[in-house]
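With the hints as constraints, model all of the structure from the sequences given.
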Amino acid sequence: MSTLTDLLQQVVEGIGSGAVYASLALALVLIHRFTGIVNFAQGELAMLSTYVAWQLMASGMPFWLALPVTLAVSFVGGMLVERLVIRPVQGAPELTVVIVTVGLFIFVNAAAGLIWSFTVKAFPQPFPDGGIDLAGVRMDWSTVGIIGVVAVVMGLLYLLFQHTSIGLVMRAVACNPESARLSGIRVSRVLMLGWGLAATVGAVSGVLVAPVLFLEPNMMGGVLIYAFAAATLGGFDSPVGAVVGGLFVGVAETLAGAYVDVIGPDLKVGVPLVIILAVLLVRPQGLFGRAAVERA
Amino acid sequence: MRSMTAVLDRTRHGRFALAALLAAAVAMAVPFYFAPFQVFQLTMVLVYAVALAGLNLLVGFGGQISLGHGAFFAAGAYTAAIMLDRFDTGHLATLPVAAAACFLLGLGFGVPALRLRGLYLALVTLSLAVFLPPLLKRLEAVTGGSMGLTVEKPQPPAWSGLAEDQWSYFVVLAVSAVALLVARNLLRSRVGRALLAVRDNESAAEVMGVRLSLHKTFAFAWSAMFAGVAGCLYTWVIGFVSPDSFSFVLSITLLAGLVVGGLASLYGPLLGAAFVMYVPSVAQDLSEAAPGVVFGLLIIAVMFVAPTGLAGLASRAGGAVARRRAGAAASDRSSVAEPPPESTSEPSAPRTPVDPESVEAEPVGAPPRTEKE
Amino acid sequence: MRNITALRAAAAATAALLTATACSTQRGQDDQGTVAGGTCKGQQTTGITDKTIKLGGIYPLSGPASAYGTISKGVAAYFKYVNDHGGIGGRKVDFVVRDDGYQPPKAVEEARRLVEREKVFAVFQTLGTPSTAAVWDYLNQQKVPQPFVATGASVWGTDTKHPWTIGWQPNYVAEARMYAKYLKDEKPKAKVAVLYQNDDFGKDLLGGFKKAVAGSGVKVIAEESYEVTDPSVSAQMTSLARSKADVLLDVTTPKFGSQALAADAKNTQWNPVHIVNNVSSSAAVLKPVGFKNVQGVVSATYFKDPADPRWAQDPEVKTYQDAMHEYAPDADPANQFNAYGWAVASSLHKALDAMKCPTREGLRDAVRNLRDVKVGMLLPGVTLSTGPDDAFPIETLQLMRFKGERWQLFGKPVDTRKEFGPLTD
Amino acid sequence: MSGPPIDGTEAGETAERDFLKVSGLRAGYGQARVLHGLDFSVARGEVCAVLGPNGAGKTTTLRALCGMIRGRGSVTLNGAELLGRSPEQAARLGVAHVPEGRGTFNELTVEENLRIGAHLRTRGRWRGRGERAAVAADLERIYEYFPKLRQRSRQAAGSLSGGEQQMLAIGRALMLRPALLLLDEPSLGLAPLVTRELFEIVRTVNQEERTTVVVVEQNAQLALDIAHQAHVLEAGRLVLSGSAAQIREDGQVAEVYLGVPARSGQGG
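Residue numbers (our numbering), protein chains in the order written: chain U, 1 to 296; chain B, 1 to 373; chain W, 1 to 425; chain L, 1 to 268.
The set of hints was computed from the structure by calculation and includes no laboratory data. Just so you know, these numbers come straight off a predicted model, no measurement behind them. Beta carbons: idealized from backbone N, C-alpha and C, even for Gly. Please note: incorrect hints may appear among the correct ones.
[As the list claims (entries may be wrong)] Label-pair ranges, simulated between beta-carbon atoms: (1) B:Glu-164 x W:Pro-188: 48 to 58 Å; (2) U:Arg-87 x L:Ala-43: 32 to 42 Å; (3) U:Leu-4 x W:Gly-217: 48 to 58 Å; (4) U:Pro-68 x L:Gly-130: 51 to 61 Å; (5) B:Asp-285 x W:Lys-189: 51 to 61 Å.
[Said to hold, decoys possible] A short, non-exhaustive set of chain B residues, derived as facing chain U with CB atoms under 8 Å: (6) Ala-29; (7) Gly-63; (8) Ile-65; (9) Arg-117; (10) Leu-123; (11) Leu-128; (12) Pro-134; (13) Leu-180; (14) Leu-181; (15) Val-182; (16) Arg-184; (17) Leu-187; (18) Leu-214; (19) Leu-297.
This is the structure in structure tokens:
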């Protein structure tokens with residue numbers, strides 16, 4: 001195996017993990033667009049959704065039936081979270097809302113451990129075993145699948161936002177909630193919708209990564225950190241940025257960990273940090289983020 | 001109202017002195033009354049309070065969010081531990097070095113922090129907190145790697161007749177009292193006023209001639225210094241540091257503690273520190289099976305009841321009393337006056353400023369409302 | 001307003017103090033422990049009477065390491081079972097569990113609480129190297145036994161300044177020696193790739209392994225570490241695959257163990273002998289990967305895996321299963337951590353039985369003077385042995401290989417102490 | 001063109017004259033009370049100007065009318081109580097507010113901004129009455145009022161000039177087919193020529209659509225030009241009311257705008 005193939009293999013590996021980060025980053029970006037906050041509980045909600053899918057399958061439901069049911073449950077669950085947990089602190093300082101999501105993180109994590117224990121659970125792989133082999137570079141079908149699904153999710157979000165009236169309303173709320181209310185938009189309902197949507201995207205993320213990471217309550221904890229990095233790099237307002245940021249972070253840290261001896265696998269987590277710092281110093285709003293235009 | 005203020009003004013110094021004296025007396029008596037482990041708990045409350053007071057400078061008054069203060073805390077703790085372990089310097093010497101090291105570290109991070117705003121700054125600092133533990137493990141020769149370092153705790157001198165926990169308490173009490181006073185004075189100084197101006201309206205402050213970049217950078221440095229001092233105290237009290245003690249969870253806990261205690265409030269950090277210290281134990285007493293469930297719910301519950309933190313809750317309660325008194329006084333003078341519409345229809349508008357003393361009355365816009373359907 | 005704020009602050013502080021410590025006792029009373037008379041004159045009897053014995057344990061019931069918290073359930077189930085069957089030497093055990101969230105400062109606080117307020121006889125188990133290291137100075141100062149800590153770092157046995165603290169499970173170096181011996185015997189020219197967790201556990205095991213193979217034909221040619229906060233080890237596995245090593249030493253904790261096993265199975269071009277360390281050898285780790293994917297994996301063990309059908313008829317395992325159902329209905333008996341808890345609690349039972357004096361000193365001496373003590377939950381051939389120059393209760397392990405749906409033990413139990421000599425600092 | 005359906009029988013003479021009826025309106029922010037009891041009414045189809053110095057409470061009045069802040073007292077629009085409603089509910093009753101600073105959706109295109117204005121009409125009780133076609137027709141009509149917007153219909157609203165943004169804001173409000181149009185300082189920050197053009201269009205809209213308008217303005221001359229009646233607000237109280245012509249003649253108004261020091265305060 002040549003060094004070039006090795007390199008490409010590592011790149012593929014990086015893209016694989018990057019797609020995982022991107023999927024959760026998408027959900028983070030959705031919430032941020034609507035509420036301007038970072039949802040620390042996003043990963044845990046995704047983990048919870050994955051447990052719902054697992055539970056459904058454990059009770060005999062086939063995967064392709066359990067999936068839509070899970071997505072629906074997550075959507076409703078996300079809306080309920082907004083209504084019951086976030087709404088009461090709406091209008092409070094942003095940090096208060098952020099800390100509420102931290103509380104939610106702790107709660108959901110512990111509750112999942114209480115219900116399902118911390119023993120790892122197998123989660124069925126929806127994609128076929130094996131993979132494709134291109135000139136010695138191997139790509140698993142699961143990696144291909146994750147990338148494909150993330151692309152589809154992004155495409156669907158694009159269609160929703162750009163080509164439907166509800167998407168237009170959602171963008172309006174994200175852009176200027178006060179004016180949206182003056183135009184008769186029920187902002188609180190749109191926010192619920194946004195949380196539901198983010199929870200659904202998160203559920204997709206959880207179901208995608210569970211076969212690779214193995215399901216347990218802390219499954220998404222590590223992913224969340226990288227998803228933060230991805231969203232920060234891409235710009236917290238941009239779904240495209242989240243995906244590009246995720247792939248970039250994945251590839252960069254994998255390559256640095258594998259090839260730069262000084263960094264090594266233990267310090268590779270610092271690579272995204274440095275990249276983010278460098279990017280943000282040039283573009284404080286992230287690669288794809290909107291500049292801080294004055295919000296009227 | 002005006003005459004009342006005058007009366008208060010006259011008694012201000014007397015009552016302040018009285019309050020301070022009372023607090024000091026309580027603080028001094030505590031270690032002789034409580035069991036050693038309770039004294040230890042209080043000591044840790046003070047340690048966290050110093051860190052939170054530093055974070056408060058940055059977040060509460062500077063308006064910048066840091067999710068990386070655990071890293072500065074760790075830097076302070078490790079500075080002290082390494083000095084004690086490798087160079088046997090004695091405890092007192094570690095304090096100024098830890099403080100200075102973290103001040104410089106903060107200064108270094110304050111420069112990029114200038115360019116970053118809100119969320120982006122928060123997440124960059126978070127990655128710092130994530131990065132530190134593996135770095136500490138890598139520098140094994142100095143830091144002891146993942147096994148960490150065990151160091152001597154400060155021993156009470158023979159003349160004092162104190163037990164170790166009492167001595168630790170008094171030492172930490174002295175340092176934290178000084179630190180909290182410094183924090184308080186820092187805010188009353190020109191620096192503090194400039195910070196407030198920057199937080200409330202950055203561009204206006206700049207127009208007014210506040211040297212923005214300087215103040216923001218220094219806010220970061222001061223804040224990091226306090227975290228470092230707290231870290232140093234931590235090493236004294238616990239006598240053990242290890243990389244996994246300073247995971248990013250610590251940083252998030254610190255921020256959560258500060259917000260729960262109350263941002264931009266002078267005694268919010270104390271309340272927040274007490275929350276961080278005591279509530280996990282309470283959570284555990286309530287549910288041994290899953291303390292996290294209770295702890296998570298308690299955080300959410302506090303934020304529901306007191307969106308501006310526990311300190312806000314206290315001053316709001318105090319405010320309500322004051323308002324009622326003021327209302328009574330007003331109606332004495334003129335019975336025609338009715339209370340302002342807001343005070344009756346919305347006694348708990350969540351966006352009222354946290355600390356009436358430190359926050360200028362600002363047009364906060366409409367009280368948030370949700371649609372009733 | 002300033003004075004009001006100050007007053008309020010003082011009032012709030014006082015109120016917080018008083019509520020936080022409302023049920024406190026006065027300081028003086030707290031210091032008094034009880035002391036024995038008779039032959040054991042002057043020794044501490046705090047926490048132990050003729051009828052009761054009070055023990056405290058500190059585990060991560062919350063936070064990132066909560067997976068290990070369930071050990072406390074196995075321990076508690078054992079003591080409840082024993083209490084219902086006459087207690088330990090007629091004494092009923094009161095086992096107090098506290099949560100440290102895997103944070104050293106919390107561990108210190110809880111250790112102080114257990115010693116000072118709960119007045120436990122011994123702190124039976126602190127979990128994890130950081131928490132244990134944070135409290136052992138305090139406990140030794142207070143002369144409180146800290147037997148059988150739940151961490152395999154070798155320092156608990158090599159250290160001489162902390163006579164009140166002792167480990168239990170085979171230390172990581174002993175385990176590493178086991179694998180080294182296996183390779184030296186079976187694959188004397190093995191090229192080894194190592195995946196390890198970047199903490200004391202991973203480093204101790206890796207270091208022990210390197211030392212044990214030094215001078216032989218077995219060489220470590222690649223090593224990759226991961227952090228517990230990492231989402232996955234797939235990138236590390238790809239790097240290791242490049243080394244073309246013929247042995248993979250997999251030093252991971254359960255979730256990462258599953259990931260590594262799955263990654264190895266998926267890569268059809270690299271098929272090393274996969275040695276998985278004991279922590280990740282539970283059937284609960286292997287099953288999610290799929291039994292067909294873990295055939296031929298090698299590990300070493302010292303206690304009976306409750307998920308292994310081989311022990312289904314074993315009397316001790318049956319007692320354990322029944323007791324778990326009765327006393328810890330919410331815990332999964334198949335989880336090896338529960339069995340670990342059971343095994344370590346029954347080991348303590350033996351040590352308490354062996355005390356010459358029913359005192360803290362008695363326990364301290366007893367755990368350091370165990371002679372081939374048999375414990376039902378340990379593998380046949382594995383016993384507890386300690387002595388004046390040996391502070392490692394278990395140093396015997398046996399290799400096993402996964403075949404079909406179960407582990408199959410092979411070779412003889414190996415006393416790594418005899419094989420490699422005593423472990424020194 | 002009309003607002004929401006009127007309850008047939010009671011829509012008599014009074015309803016026409018007191019189309020918007022404000023009585024005893026008090027409002028403020030937090031502890032600070034800004035309005036101390038306002039009473040006035042606006043007849044259907046009229047333009048009403050609210051004048052006054054900075055901080056008099058003009059903006060506060062509009063905010064209270066559209067539900068952005070809470071007020072006490074009573075405000076009825078065509079008999080329906082407005083106070084105690086949220087902005088979205090007020091919008092449903094036909095109140096369109098063009099806030100100070102215009103409140104455009106900067107990242108949306110001009111056309112999307114306008115479509116958001118008609119958001120309410122394509123759902124709920126309006127849906128399925130051929131409203132889609134009507135919205136398209138209204139869009140066309142707005143473009144006729146404001147030809148510049150048509151040129152820029154695919155451009156992001158944030159890239160428009162101040163005057164164009166103000167046009168867009170008014171256009172967006174009109175897309176709601178409001179019964180009551182609230183304009184807050186439309187001239188703020190605009191060149192005099194642009195302002196004049198804007199006011200002409202408001203006049204045209206008022207004449208053609210019979211939309212009732214309440215406009216808050218510092219530029220009294222401009223506002224009085226298009227207004228039927230006017231009120232002068234000072235320190236949260238009405239100090240003068242009358243027809244636009246009467247007010248214009250009044251010396252006091254001139255005094256207000258000729259450098260009498262403005263009281264500092266909120267809501268101006």
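Supplied contact hint for Leu-181 (chain B), tested at 8 Å Cβ to chain U
violated, 26 Å
Gly-63 (chain B) was flagged as interface toward chain U. Is the shortest Cβ-Cβ separation under 8 Å?
violated, 10 Å
Proposed interface contact between Ile-65 (chain B) and chain U, which counts if any beta carbon pair is under 8 Å:
holds, 7 Å
Are Leu-4 (chain U) and Gly-217 (chain W) spaced within 48 to 58 Å by their CB atoms?
violated, 32 Å
Closer than 8 Å between Cβ atoms is the bar; does Leu-297 (chain B) clear it against chain U? Give me holds or violated.
Constraint on Leu-297 (chain B) satisfied, holds at 6 Å.
For the hint on Leu-123 (chain B), just tell me whether its beta-carbon gets within less than 8 Å of chain U.
This interface hint holds because 5 Å falls under the 8 Å limit.
Does the CB of Leu-187 (chain B) sit less than 8 Å away from some CB of chain U?
Violated: closest Cβ of chain U sits about 19 Å from Leu-187 (chain B), beyond 8 Å.
Under 8 Å is the threshold here; is the Cβ of Leu-214 (chain B) close enough to any Cβ of chain U for the hint to stand?
violated, 18 Å
Min Cβ distance, Val-182 (chain B) to chain U: is it shorter than 8 Å?
violated, 24 Å
Is it true that Arg-87 (chain U) and Ala-43 (chain L) lie within 32 to 42 Å of each other by Cβ?
Given a distance of about 40 Å, which is inside 32 to 42 Å, the answer is holds.
Holds or violated: Ala-29 (chain B) as interface residue toward chain U, Cβ cutoff 8 Å?
violated, 34 Å
Go through the hint on Leu-128 (chain B) and say holds or violated, using the shortest Cβ distance to chain U against 8 Å.
Given a least distance of 7 Å, the restraint on Leu-128 (chain B) holds.
Of the hints listed earlier, those the structure fails to meet are numbers 3, 4, 6, 7, 13, 14, 15, 16, 17 and 18, in rising order.
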